[in-house]
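Peer 1: Top line first, the protein sequences correspond to chains A and B. Here our numbering is used: the first sequence runs in plain steps of one and ends on residue 112. Here our numbering is used: the second sequence runs in plain steps of one and ends on residue 109.
Honestly, I wouldn't trust all of these hints.
As the list claims (entries may be wrong) - With a Cα cut of at most 30 Å, we get these calculated DSBU-like pairs of lysine-lysine: (1) B:Lys3 x A:Lys41; (2) B:Lys52 x A:Lys67; (3) A:Lys41 x A:Lys9; (4) A:Lys19 x A:Lys52; (5) B:Lys101 x A:Lys44; (6) B:Lys104 x B:Lys3; (7) A:Lys19 x A:Lys44; (8) A:Lys41 x A:Lys71; (9) A:Lys9 x A:Lys36; (10) B:Lys101 x A:Lys22; (11) A:Lys44 x B:Lys104; (12) B:Lys104 x A:Lys40; (13) B:Lys104 x A:Lys41; (14) B:Lys52 x A:Lys44; (15) B:Lys52 x A:Lys9; (16) A:Lys40 x B:Lys69; (17) A:Lys67 x A:Lys52; (18) B:Lys3 x A:Lys40; (19) A:Lys44 x A:Lys71; (20) A:Lys36 x B:Lys101; (21) B:Lys52 x B:Lys3.
Quick caveat, the hints were computed from the structure, so don't treat them as lab data. Keep in mind that this is a model prediction, so the values were computed, not measured.
Residues per chain, in single letters:
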Amino acid sequence: DTAVSQTPKYLVTQMGNDKSIKCEQNLGHDTMYWYKQDSKKFLKIMFSYNNKELIINETVPNRFSPKSPDKAHLNLHINSLELGDSAVYFCASSQGAGYTIYFGEGSWLTVV
Amino acid sequence: DAKTTQPPSMDCAEGRAANLPCNHSTISGNEYVYWYRQIHSQGPQYIIHGLKNNETNEMASLIITEDRKSSTLILPHATLRDTAVYYCIAAFRSEKLVFGKGMKLTVNP
Numbered sequence: 001d002t003a004v005s006q007t008p009k010y011l012v013t014q015m016g017n018d019k020s021i022k023c024e025q026n027l028g029h030d031t032m033y034w035y036k037q038d039s040k041k042f043l044k045i046m047f048s049y050n051n052k053e054l055i056i057n058e059t060v061p062n063r064f065s066p067k068s069p070d071k072a073h074l075n076l077h078i079n080s081l082e083l084g085d086s087a088v089y090f091c092a093s094s095q096g097a098g099y100t101i102y103f104g105e106g107s108w109l110t111v112v
Numbered sequence: 001d002a003k004t005t006q007p008p009s010m011d012c013a014e015g016r017a018a019n020l021p022c023n024h025s026t027i028s029g030n031e032y033v034y035w036y037r038q039i040h041s042q043g044p045q046y047i048i049h050g051l052k053n054n055e056t057n058e059m060a061s062l063i064i065t066e067d068r069k070s071s072t073l074i075l076p077h078a079t080l081r082d083t084a085v086y087y088c089i090a091a092f093r094s095e096k097l098v099f100g101k102g103m104k105l106t107v108n109p
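Excised from the complex, chain A in its bound form:
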């Protein structure tokens, strides 16, 4: 069983559209994250949730809205997609602060 799974793996969409990426973890972790890896391969944290509460928001445009219906899920919704949003988005989870972070396989978003 995949520990951290995210869907879709690949997504191609037009500018201006709204899209969502779903993430689920079956590790029983309390903390979940979204990371973005851009074209230069830099991987940066976007959001962190602990028990459905937002604890880290790294100056991400408000077009990006994470939603955590329960502690096993953290979905990423993106409004009014722009070309610069093209990237690989990684979901991750951990037991909490200071614990190992486990990453999903990534979702390749291409905005055309």
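Dock chain B against the given chain A, drawing on the hints supplied.
Peer 2: Relative to the frame of chain A, chain B by itself:
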């Protein structure tokens, strides 16, 4: 978080030990050294982390110098599947990890 410096790439022969260096001269006393790797088209994978003492697990060993300004990740018997980008990160807390460019390790047959 302190900045880390790694060479951009390194080659290693299969079956030999791979020693991956990392400089973190500005690391503060309570920052950990984390190592992750990213195999092509996959999510980053945790390898090991440490504060002061050397650490070993089933994947690798981490050697941290006494002054903590540098460290070495050791893969004792590199395999082709160890070919990946390796990230050395200094951070207070794991959830604030910032991944740089990393170092591309190529294990050759």
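Peer 1: Determine for every hint whether it applies to the structure shown.
Peer 2: Hints versus structure:
1. For the given pair, lysine 3 (chain B) sits about 17 Å from lysine 41 (chain A) by alpha-carbon distance, which is consistent with the 30 Å threshold.
2. For the hint linking lysine 52 (chain B) to lysine 67 (chain A), the alpha-carbon distance of about 38 Å lies beyond 30 Å, and the restraint is violated.
3. For the hint linking lysine 41 (chain A) to lysine 9 (chain A), the alpha-carbon distance of about 17 Å falls within 30 Å, and the restraint holds.
4. The suggested pairing of lysine 19 (chain A) with lysine 52 (chain A) holds, with an alpha-carbon distance near 21 Å, which does not exceed 30 Å.
5. A distance of roughly 11 Å separates the Cα atoms of lysine 101 (chain B) and lysine 44 (chain A); the hinted pair therefore holds under the 30 Å criterion.
6. At roughly 18 Å between alpha-carbon atoms, lysine 104 (chain B) and lysine 3 (chain B) fall within 30 Å of each other, so this suggested pair holds.
7. Of the supplied pair hints, the one linking lysine 19 (chain A) and lysine 44 (chain A) holds, its CA atoms being roughly 20 Å apart against a limit of 30 Å.
8. Between lysine 41 (chain A) and lysine 71 (chain A) the CA atoms are separated by roughly 28 Å; this keeps the pair inside 30 Å, and the hint holds.
9. The straight-line distance between the Cα atoms of lysine 9 (chain A) and lysine 36 (chain A) is roughly 14 Å, inside the 30 Å bound, and the hint therefore holds.
10. For the hint pairing lysine 101 (chain B) with lysine 22 (chain A), the CA-to-CA distance comes to about 27 Å; that is within 30 Å, so the pair holds.
11. Under the criterion of a C-alpha separation no larger than 30 Å, the hint pairing lysine 44 (chain A) with lysine 104 (chain B) is consistent with the structure, at around 19 Å.
12. Distance hint between lysine 104 (chain B) and lysine 40 (chain A) is fulfilled; the C-alpha atoms sit about 14 Å from each other, no more than 30 Å.
13. Pair hint lysine 104 (chain B) plus lysine 41 (chain A) holds up; C-alpha atoms about 12 Å apart against a cutoff of 30 Å.
14. Simply put, lysine 52 (chain B) and lysine 44 (chain A) have alpha-carbon atoms about 26 Å apart, close enough for the 30 Å limit, and the pair holds.
15. A C-alpha spacing of about 39 Å is found between lysine 52 (chain B) and lysine 9 (chain A), which places the hinted pair above 30 Å, so the restraint is violated.
16. About 27 Å separates the Cα atoms of lysine 40 (chain A) and lysine 69 (chain B), which keeps this hinted pair within 30 Å; it holds.
17. The straight-line distance between the Cα atoms of lysine 67 (chain A) and lysine 52 (chain A) is roughly 8 Å, inside the 30 Å bound, and the hint therefore holds.
18. For the hint pairing lysine 3 (chain B) with lysine 40 (chain A), the CA-to-CA distance comes to about 18 Å; that is within 30 Å, so the pair holds.
19. The straight-line distance between the Cα atoms of lysine 44 (chain A) and lysine 71 (chain A) is roughly 22 Å, inside the 30 Å bound, and the hint therefore holds.
20. Restraint check: the Cα-Cα separation between lysine 36 (chain A) and lysine 101 (chain B) comes to about 14 Å, which is no more than 30 Å; the hinted pair holds.
21. For a cut-off of 30 Å, the pair hint linking lysine 52 (chain B) to lysine 3 (chain B) stands: about 17 Å separates their Cα positions.
Going down the numbered hints, you'll see the structure goes against 2, 15, while the others check out.
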